[in-house]
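Trainee: Using the sequences and the hints, build the whole thing.
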Amino acid sequence: MMFRKKFVLFFGFVLFVTVAGAQDRYFTKTGKINFTSKAPMEDIEGKNKTVTAVLDTKSGALQFSVQMKSFEFEKALMQQHFNENYVESDKYPDAVFKGVIANNAAVNYAKEGTYTVNVKGKLTLHNVTKDVDVPGTIKVNGGKIEASSAFNVLLSDFRISIPSAVKEKVSNSIRITVETKLDPLKG
Amino acid sequence: MIVKPASLLFGAVVLLMSYRAAGQNEDLLKGVVDTTPKKEKVYNAFKSSRVIMSQSMEMLQPGVLDFRVLHRFGNVNSGAGEFFGLDHASIRLGLDYGLSNALSIGVGRSSYKKEIDGFIKYRPVQQSTGPGATPFSLLGVVGTTIQTGLYSATAPHQFTSRLAYYGQLILGRKFTERLTLQLSPTLLHRNYVETQADPNDLFATGFGGRIKLSKRVSLNVDYYAVFNQNSARNVHNPLSIGFDIETGGHVFQLHFTNAIGMNERVFLTETTNDWGRGDIQFGFNISRAFQLKKRKG
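Going down the list, the sequences are from chains A and B.
Heads up: the first sequence begins at 1 in my numbering, then just goes up one per residue.
Heads up: the second sequence begins at 1 in my numbering, then just goes up one per residue.
Simulated from the structure, these hints should not be mistaken for laboratory data.
One or more of the hints may lead you astray.
Here are the computed distance ranges between Cβ atoms for each label pair [said to hold, decoys possible]:
hint : chain 1 : residue 1 : chain 2 : residue 2 : range
1    : B       : Lys30     : A       : Thr30     : 14 to 22 angstroms
2    : A       : Thr116    : B       : Ile211    : 47 to 55 angstroms
3    : B       : Asn234    : A       : Val128    : 56 to 64 angstroms
4    : A       : Asn141    : B       : Lys30     : 38 to 46 angstroms
5    : A       : Tyr92     : B       : Pro185    : 33 to 41 angstroms
6    : A       : Thr137    : B       : Leu292    : 34 to 42 angstroms
Per the computed footprint, the stretches of chain B lying under chain A, defined by three or more beta-carbons under 8 angstroms from a beta-carbon of chain A, are [unchecked claim]:
hint : region
7    : 32-44
8    : 61-72
9    : 246-252
10   : 282-294
With a straight-line Cα cutoff of 30 angstroms, these simulated DSS-like cross-link-like pairs (lysine-lysine) come out [stated by the list, open to error]:
hint : chain 1 : residue 1 : chain 2 : residue 2
11   : A       : Lys29     : B       : Lys38
12   : A       : Lys47     : A       : Lys122
13   : B       : Lys38     : A       : Lys181
14   : B       : Lys294    : A       : Lys38
15   : A       : Lys69     : B       : Lys41
16   : A       : Lys181    : A       : Lys69
17   : B       : Lys30     : A       : Lys75
18   : A       : Lys75     : B       : Lys215
19   : A       : Lys49     : B       : Lys293
20   : A       : Lys181    : A       : Lys47
21   : A       : Lys38     : A       : Lys169
22   : A       : Lys91     : B       : Lys212
23   : B       : Lys41     : A       : Lys32
24   : A       : Lys32     : A       : Lys111
25   : B       : Lys294    : A       : Lys32
26   : A       : Lys111    : A       : Lys49
27   : A       : Lys49     : A       : Lys169
28   : A       : Lys32     : A       : Lys91
29   : A       : Lys49     : A       : Lys32
30   : A       : Lys75     : B       : Lys39
31   : B       : Lys212    : A       : Lys32
32   : B       : Lys41     : A       : Lys169
33   : B       : Lys293    : A       : Lys38
34   : B       : Lys114    : A       : Lys49
35   : B       : Lys215    : A       : Lys139
36   : B       : Lys293    : A       : Lys169
37   : B       : Lys294    : A       : Lys91
38   : A       : Lys122    : A       : Lys69
39   : A       : Lys120    : A       : Lys29
The C-beta atom is built at its ideal place from N, Cα and C for all residues, glycine as well.
Mentor: Okay, structure coming up:
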């Protein structure tokens with residue numbers, strides 16, 4: 001019967017797309033995100049080595065989850081103030097980015113090489129969600145994908161205020177660098 | 001029911017399109033991000049390692065040197081001629097160091113009776129949240145004070161008569177981001193007391209707490225009930241009320257107190273001023289933290 005055949009064919013196709021979708025995913029749980037504040041009196045650097053990231057190569061969807069308490073600093077007080085006064089990590093434990101590689105078609109994930117990409121999406125930090133549009137690099141290398149980026153954010157965009165007493169020590173403009181090595185996601 | 005192949009195809013396309021759209025918006029992180037709750041230690045119960053005059057349940061971080069300048073002026077009610085007490089000042093300079101997350105040491109010297117004091121502070125139990133959490137912190141503090149001034153006329157001329165010791169347990173809990181309370185049973189031993197009526201061993205319990213008024217300012221209260229004070233001495237229980245103000249590397253503790261002393265021996269045994277009569281002093285503590293040892297990372 002004609003109808004049955006098409007029906008089976010159709011669901012077989014959906015199944016194929018679903019399975020193929022799962023194989024197109026790459027992830028890491030040890031991604032690196034560093035941020036730097038350069039101010040006249042003090043430079044502050046926070047390092048996080050436990051960033052979770054997932055990339056769907058088919059759709060170009062790219063998502064990050066960053067645990068704020070995992071940022072490490074040179075000085076204990078910096079870490080304390082970062083968590084207690086600035087990002088309020090007890091109230092807002094994670095920062096999340098959900099976006100998509102705008103020019104995903106330009107990346108050939110089957111071929112080794114370095115591709116310049118443009119990532120658009122929403123960054124949620126300190127309970128404020130902002131649209132961000134940042135440049136990045138995708139490097140396909142031996143079955144792995146390296147995704148990296150560097151961009152600036154303004155603390156004031158995320159309702160993080162700097163008291164006047166430390167204006168010379170904390171910059172409103174923060175440089176963020178992202179480095180991830182993604183492995184195929186099984187399942 | 002008969003389904004036409006054309007409508008089936010249309011349905012398939014719609015379904016496929018919706019699937020693709022879902023692919024872009026779906027939560028890729030689901031199942032990848034570890035969402036199981038973890039045990040987490042509680043920090044920042046107080047802005048500094050002291051409530052005002054007493055040790056707080058908060059510790060210094062490892063490798064941090066805390067330079068503490070303590071200042072008490074004269075009695076506020078001493079009148080305009082004494083500039084409301086500001087003409088007189090008593091100080092204690094101190095250095096505390098964090099050896100580990102659970103162990104600190106410190107020394108200080110007070111101008112009053114030229115007294116040196118030193119302490120060891122240990123935190124065997126730290127408050128935590130999550131599975132297997134501990135709802136409170138428990139700390140122990142032991143310290144010694146040594147008077148280095150000239151011998152008084154009555155005191156025996158022995159070095160040991162200059163010494164006093166104290167031991168303290170601190171049971172504290174950060175109830176919310178804003179509220180922290182602690183209780184500190186304390187035993188003070190003085191090697192030498194002036195009269196038979198003065199006990200060598202003094203028992204007291206400290207009550208301390210803070211309420212954060214903003215991210216960087218908190219209201220602190222620090223009080224001791226002393227149980228076996230020699231009533232003939234007209235000594236009062238020490239009470240300090242003030243604000244912690246944090247400005248980057250400094251914490252300023254501005255307060256009013258009836259305690260002239262800045263170590264445990266003095267404020268427990270020589271607090272002769274009385275809040276009830278307005279015999280209070282303005283005082284401040286400045287804490288400046290230096291990171292001596294670089295941290296990992």
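Trainee: Now tell me, hint by hint, if it's right for this structure.
Mentor: Comparing the hints with the structure gives:
1. Lys30(B) with Thr30(A): 14 to 22 angstroms: At 19 angstroms between Cβs, range holds.
2. Thr116(A) with Ile211(B): 47 to 55 angstroms: holds, 53 angstroms
3. Asn234(B) with Val128(A): 56 to 64 angstroms: This hint holds: roughly 58 angstroms between Cβ atoms.
4. Asn141(A) with Lys30(B): 38 to 46 angstroms: Roughly 27 angstroms apart at Cβ, these two residues miss the hinted range, so it is violated.
5. Tyr92(A) with Pro185(B): 33 to 41 angstroms: holds, 38 angstroms
6. Thr137(A) with Leu292(B): 34 to 42 angstroms: Once the Cβ atoms are compared, 39 angstroms apart, the range 34 to 42 angstroms for Leu292(B) and Thr137(A) holds.
7. 32-44: With 6 residues in contact (Cβ-Cβ under 8 angstroms with chain A), the coverage given for the region 32-44 of chain B holds.
8. 61-72: holds (count 4)
9. 246-252: holds (count 4)
10. 282-294: Since three or more residues must qualify, the claim that chain A covers the region 282-294 of chain B holds, with 3 doing so at under 8 angstroms.
11. Lys29(A) with Lys38(B): Roughly 16 angstroms between the alpha carbons, so the hint for Lys29(A) and Lys38(B) holds.
12. Lys47(A) with Lys122(A): Judged against 30 angstroms, a Cα distance of about 22 angstroms means the pair holds.
13. Lys38(B) with Lys181(A): It holds: about 25 angstroms lies between the C-alpha atoms, which stays within 30 angstroms.
14. Lys294(B) with Lys38(A): Satisfied, since the Cα-Cα distance of roughly 19 angstroms is no more than 30 angstroms.
15. Lys69(A) with Lys41(B): Roughly 11 angstroms separates the two Cα atoms, so the pair holds.
16. Lys181(A) with Lys69(A): Holds - the C-alpha atoms of Lys69(A) and Lys181(A) are around 22 angstroms apart, at most 30 angstroms.
17. Lys30(B) with Lys75(A): Distance of about 34 angstroms is beyond 30 angstroms: violated.
18. Lys75(A) with Lys215(B): holds, 20 angstroms
19. Lys49(A) with Lys293(B): holds, 21 angstroms
20. Lys181(A) with Lys47(A): holds, 16 angstroms
21. Lys38(A) with Lys169(A): holds, 8 angstroms
22. Lys91(A) with Lys212(B): Satisfied, since the Cα-Cα distance of roughly 15 angstroms is no more than 30 angstroms.
23. Lys41(B) with Lys32(A): Satisfied, since the Cα-Cα distance of roughly 24 angstroms is no more than 30 angstroms.
24. Lys32(A) with Lys111(A): Distance ~25 angstroms between Lys32(A) and Lys111(A) Cα, so the pair holds.
25. Lys294(B) with Lys32(A): holds, 21 angstroms
26. Lys111(A) with Lys49(A): Holds - the C-alpha atoms of Lys49(A) and Lys111(A) are around 28 angstroms apart, at most 30 angstroms.
27. Lys49(A) with Lys169(A): holds, 25 angstroms
28. Lys32(A) with Lys91(A): The hint holds at about 23 angstroms.
29. Lys49(A) with Lys32(A): holds, 4 angstroms
30. Lys75(A) with Lys39(B): holds, 24 angstroms
31. Lys212(B) with Lys32(A): violated, 34 angstroms
32. Lys41(B) with Lys169(A): Given pair Lys41(B), Lys169(A) holds - Cα atoms ~28 angstroms apart, limit 30 angstroms.
33. Lys293(B) with Lys38(A): It holds: about 22 angstroms lies between the C-alpha atoms, which stays within 30 angstroms.
34. Lys114(B) with Lys49(A): Roughly 50 angstroms between the alpha carbons, so the hint for Lys114(B) and Lys49(A) is violated.
35. Lys215(B) with Lys139(A): Not OK: Lys215(B) and Lys139(A) at ~43 angstroms, beyond 30 angstroms, violated.
36. Lys293(B) with Lys169(A): holds, 21 angstroms
37. Lys294(B) with Lys91(A): The hint holds at about 28 angstroms.
38. Lys122(A) with Lys69(A): holds, 21 angstroms
39. Lys120(A) with Lys29(A): holds, 22 angstroms
Comparing the model with each numbered hint stated earlier shows that hints 4, 17, 31, 34, 35 do not hold.
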